[in-house]
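1 is the number of the first residue of the sequence shown in the UniProt record's numbering; add one for each residue after it.
Bear in mind the hints are in silico, worked out from the structure with no lab data behind them. Computed from a prediction, not measured in an experiment: that's the story for all the values here. For glycine and all other residues, C-beta sits at the position ideal for the given N, C-alpha and C. There's no promise every hint is true.
Unchecked claim - Using C-beta positions, here's what the derived DEER-type ranges look like:
| hint | residue 1 | residue 2 | range |
| --- | --- | --- | --- |
| 1 | L546 | T178 | 33 to 41 Å |
| 2 | E251 | E357 | 41 to 49 Å |
| 3 | T250 | Q171 | 25 to 33 Å |
| 4 | G515 | E734 | 22 to 30 Å |
| 5 | A567 | K67 | 17 to 25 Å |
Stated by the list, open to error - Result set (DMTMM-like, lysine to aspartate or glutamate): computed pairs, CA atoms no more than 25 Å apart in a straight line:
| hint | residue 1 | residue 2 |
| --- | --- | --- |
| 6 | K124 | D28 |
| 7 | K215 | D274 |
| 8 | K84 | D264 |
| 9 | K415 | D380 |
| 10 | K67 | D207 |
| 11 | K433 | E730 |
| 12 | K607 | E503 |
| 13 | K607 | E399 |
| 14 | K215 | E277 |
| 15 | K215 | D76 |
| 16 | K5 | D130 |
| 17 | K438 | E399 |
| 18 | K124 | E96 |
| 19 | K5 | D137 |
| 20 | K236 | E202 |
| 21 | K293 | D176 |
| 22 | K34 | D130 |
| 23 | K415 | E357 |
| 24 | K512 | D380 |
| 25 | K215 | D182 |
| 26 | K68 | D79 |
| 27 | K298 | D28 |
| 28 | K298 | D182 |
| 29 | K124 | E334 |
| 30 | K435 | D365 |
| 31 | K298 | E144 |
| 32 | K199 | E144 |
| 33 | K433 | E96 |
| 34 | K293 | E252 |
| 35 | K438 | D253 |
| 36 | K133 | E36 |
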Amino acid sequence: MAPFKVIIVGGSVAGLALANMFERYGIDYIVLEKYEGIAPQLGAGFAIMPNGGRLLDQLGCYEALAKKNEPVNSIDSFDEHGIKLGSLPDLGTWMEKTFGYKMRFMDRQQIIQGLWDNLHDNSKIRVLSDAVKVVCDVNGVAVETADGSVFHGDVVVGADGIHSKVKQEMQRIAADETPGRDLFPEKDGNFGGLFGISKAPEGVRQDQVVKAFRKGRSYLCAGGPSDTLYWLLTFKNEKETQGKSVPRYTEEDRQKLVEMCQDDIIRQGMTFGDIYERTINSALVPLEEGVLKTCYYKRMVLLGDSWHKVNPLSGLGGNNAFVSAASLADELKELLDRSDETPDEESLQNAFRNYQESRENPTRDNVAMANFKQRMEVLDNPILSYLQIRRIPKLDSAEIVNSMSPLLTSSIRLKHLPLASRQGILAYEHEVKIKARKRSTLANVIWILMLTLVMLVHYPLQKQSSPNKPVSQSSLGSLAGPPLALLHFHASVSVVNTIICIESYRKFFFMKPVGSALPFAICALIVGWEYITPVWFALFILATALQPFYFPAVRSIGPDVGLALWAGTLLTYGPILGYSLWTSTVSDRLWMFSHAVLPFVVRLSRKLLIRWLNATRNSPARAYGEQDAKHLRNFIRMAAWIPFIKLASYGYRPDNVLHNIYHLGYSEAVRGEVAKKMLLDVAIVVFIFFVFWDLHRVGVRSLSSCIWVVLALGLGPATALGELWGQREELWEEARRRETVDEACDA
């Protein structure tokens, strides 16, 4: 194979990270950096997040970088008066145990220097090489620099930042070949940021982050080594801007901003003026953000901020560059390993397409999350202000880490280097069997429409039954007759009700319609469970449409909840079930009362159990572990057999049961009234099919589970649903466990 060479334009974080990866993979490259020094001091800090730290660890430079700074162990937030809103004293512990790494702040200059020092051959880094033109043809690329030098290669990577020259050349070449063609939409720039490094005022710990929020602007201050303070003041521009209208700030703009903000209170005893007067370096820049619709053209490809620019408040921008660099490096290595021939342009295009497809959605999610976070922290509107001041500070480290996990676990590893030694409790997406992905809107609509049709069938049945003669205990007679239908109905509701209670304790459903069982229990007293059940099924389908629900959101409900569900269900349904079987009568009112009080009894039981068991504090092992799984699986299966107990007590014979449950041979009024309630069975069957389909969609399958559920259908839909829910717990937990990954040690 003829020599294959990559020209990397830009010697900052993204460019040097890619250079390190190419060096480990044996891919020839050269880096063109326009500055005189490889690591100029631009006055900015850099946050190493777990997904970026993991890749740096694979490259062998994480330890050296970690020695230059302190990890972030806590975050405190304050309002505009310096009053503390909330604190996360154990955030560092949670991040390390969950992901394997803590968050770390350092000079951007330090991380660039660390990547430079980690290279074995620094001669491939050319400084004072400002790229001004790219020439591209079917045989290769040529990059011309400002001093007239020309560098030849097979691929050019634009790792030269938001105002990338490579990106401009891609657009120029595309427009020359197809006049009017626009490869790139303009990025938004609705916020600005003043970055700085200062000597820390008294009272700032090295492992602490302080945040302050006020209308129109926010502050982030992170303690660093040697009494250093990294800080960021972000503010919203007076009007929304895009592309060329994004402001380019001047020194006068900086002075005006500092004068306006100098009295802003960061916390008690510290103002922005106190920080700024100790400044070592600072820079005022527009905070452009967005993801270009394409990142490649012919033999040119973009990396880092030139393709996806993330608001720096999230700390994900540079780490995104690491992950994208890993994806690009893996694609090129695998392309080169497949053939002894030098890749042609078509092969390179396929590799670039795979690179874009693997990174486009995660980067868009990161950009959207960072923008939302920025808008919240500048209190952009009354709703966001309420969330940031009243709700977010009340969250603990467990909930914050859980909210971060989808963005971090979507990261990849370098496939052809040994795995990093550090490992958290929570696996990464590529390490698990489950193929978590968002459910399509069309699928949601179809399933919800089917449940809606079940509800609409109630209307003609309402006409069929006599409005003046409601079916009651007295009109139904003995247990051998229609009361069996009533018992069947309430036994089925008991299964649905217990599932509703279980799911209400999932952390993922916090502040979602299915996050509490109480409203459904209360509404069922008014309109009936035959209506409320399909409504809950539909809301559950909507609430679980997003990818994090499947992985990596916390699924554990805690051992205390598992035991409370046992206690609550036995206390609530045990007496009424025994009464119905002993007396051969079915009290509709007593059953309805039992359904309504179940959520209250479970909650009370949990409080008593926590006190009795002296339950320990939450921890990553508990949140992402399976301590509750045994209690939960057994509980669900116990609840599922309540309808079977009803059938067994009657002396199960299919002809008799079907005859009496569905009122064959009884009056039209009785059949119409009870048939309405029997539509609950239809809704349950529809939901069973949905659960099967959804599990199959994300790669969670088991033939034995299907057989068990089909057999359970013979005992009634509710029993089958309960059995399915128990099987689902087992299969889901198994699919979320970290699988053994074969390590390739090609380097």
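### Task
Check each numbered hint from earlier against the structure, then list the numbers of those it violates in ascending order.
5, 9, 18, 20, 25, 26, 32, 34 and 35
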